[in-house]
Amino acid sequence: MPDNLIIEVQDLTHSFLDGTLALRGINLTIKQGEFILCAGRNGSGKTVFSRHLNALYQPSSGWVKIDGRSTAKAPYYARRTVGLVFQDADSQIVGQTVRQDIAFGPQNLRLPKEVVEERVELALHTLDLHDLADHRPHQLSGGEKRRLAIASVIAMEPAVIVFDEPFSNLDYPGVQSVLRHILALHHSGHTVLLVTHDIEKAAAHANRMIIFDKGKIAIDTTPQSALPEVEKFGIRPPRILGGDVNELTWLK
Amino acid sequence: MAEIAILHYHPGTSALHRLDPRFKVLLMLGYIAALFAGNWIHYLAVTLLLTTASISADLHPNSFKRELKVFLFLALIIFTSHFFASFQDGYETALQKGLFLAWRFMLIVWLGILFTAVTEPSELHAVVYWLLRPIPGIPAGRLAAHASLSIVIIPLLLDGVHEIREARKARGIDRCRNPVKRFRSIMNPLMEKLLMQMEELALALESRSFDESVLHSSLLFKGRDAVCTMLFLLPLIVLQVVYIYL
Chain A
1 MPDNLIIEVQ
11 DLTHSFLDGT
21 LALRGINLTI
31 KQGEFILCAG
41 RNGSGKTVFS
51 RHLNALYQPS
61 SGWVKIDGRS
71 TAKAPYYARR
81 TVGLVFQDAD
91 SQIVGQTVRQ
101 DIAFGPQNLR
111 LPKEVVEERV
121 ELALHTLDLH
131 DLADHRPHQL
141 SGGEKRRLAI
151 ASVIAMEPAV
161 IVFDEPFSNL
171 DYPGVQSVLR
181 HILALHHSGH
191 TVLLVTHDIE
201 KAAAHANRMI
211 IFDKGKIAID
221 TTPQSALPEV
231 EKFGIRPPRI
241 LGGDVNELTW
251 LK
Chain B
253 MAEIAILHYH
263 PGTSALHRLD
273 PRFKVLLMLG
283 YIAALFAGNW
293 IHYLAVTLLL
303 TTASISADLH
313 PNSFKRELKV
323 FLFLALIIFT
333 SHFFASFQDG
343 YETALQKGLF
353 LAWRFMLIVW
363 LGILFTAVTE
373 PSELHAVVYW
383 LLRPIPGIPA
393 GRLAAHASLS
403 IVIIPLLLDG
413 VHEIREARKA
423 RGIDRCRNPV
433 KRFRSIMNPL
443 MEKLLMQMEE
453 LALALESRSF
463 DESVLHSSLL
473 FKGRDAVCTM
483 LFLLPLIVLQ
493 VVYIYL
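Protein sequence lines, in the order shown, are assigned to chains A and B.
Numbered per this note's numbering, the first sequence spans residues 1 to 252.
Numbered per this note's numbering, the second sequence spans residues 253 to 498.
Hints listed in this document are in silico derivations from the structure and should not be mistaken for laboratory results.
Any given hint could be a false lead.
[As the list claims (entries may be wrong)] Computed list of lysine-lysine pairs in DSBU-like fashion (alpha-carbon distance at most 30 Å, straight line):
| hint | chain 1 | residue 1 | chain 2 | residue 2 |
| --- | --- | --- | --- | --- |
| 1 | A | LYS73 | A | LYS113 |
| 2 | B | LYS321 | B | LYS445 |
| 3 | B | LYS474 | A | LYS113 |
| 4 | B | LYS445 | B | LYS421 |
| 5 | A | LYS214 | B | LYS445 |
| 6 | A | LYS65 | A | LYS31 |
From just these sequences and the hints, can you work out the full model?
Here you go:
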């Protein structure tokens, strides 16, 4: 395995109990520090794929390796290395206060109390949640909840962070705030996988774009090369089609 | 999500919030025992003590008066059924019995609200684990995790009911007067929604390396815990002694 490969996927197939094939022979590798945009129509397999990276699902056939270790043999290692921010932030909340929710993951890793506290403080600071530390998570706004979900994941210090539809149900300032934090995490060295329909909001920041279609990878290239093809796969083409991909961000 | 205020943990720094959760459970059991073993004087004493405890925990009934209506409705059903069931014993006896049982029900609800408001689920996890761990053959970690997760689920359940009721109102289908039909029409979508949420919650827990044997709160006994517990329990003990001997 080359040194900088963090994720390797070989012939990954996933079938549900009712026989539905969600993924059909996925092959790919991801290098450390990449920023990848995963897109595709509903039911194309994006979310199922992202859950394999966190070992929440196990392959029906094929394998997934995180940092050289199989998710089937070392699921806990996969969960420590790959953090998954769920689409529905509410379903991820288990703590009764923002601070407790962030501490939940590191505590499960059986880290010493001082280390947990250190990580919670850092996550609160990174995601600008300090003023809300003692608030009840269920009382936060949509954008704040999404930031809490991200903070809860980064407190576990994963090398890779997978964001499943991080912009859904957010208003314009909410999208900007979450996007800024995702970029900051990428700049600090995290490998980022952004699973989204909204390529207009973040394509400018990605170095790679993967389009899923019917459980397979239809396109795996740079955003600039992928954009002219996206409409064929049920993704709304950006208005600047043919223009500069660097314009595809909500931070401008 | 933010609208339902009942049966949630309310962060705070009151003496009750800081009380060792083992003593909170002891207090709750003591109050329930007094309600089942005593008479109206016990009920009155528990009411006064709960009022004092709620004020000291900064818990205002105004913040959840709308949700309380459901429990008041259930109390009314309890009153009515016991009133008619005991009517052959005379009007006064039936009235008294109905009132006492409805009063007791509301006090137990109040206890539950107060307990969840001042106890973090992680503390409940720790105390259930502490209670069950010495018993051989009992999966203490798993049962403790179930107990604390049940508290996490309550707000999701109540929020779900609220959301479905609002959606029904918006579609103009909330005029059905038959309570059984109303109940069924809410329960079906609620259960479906809740099952999906539970599946997501289970995955979210797994993705954060959830370990049922990890305690997220530590139990530390302090002298002030015993003093605080005695303050809230002593009036009932005295009352019980007086009740037995006089």
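Legend entry - In rising order, the numbers of the hints this structure does not comply with: none
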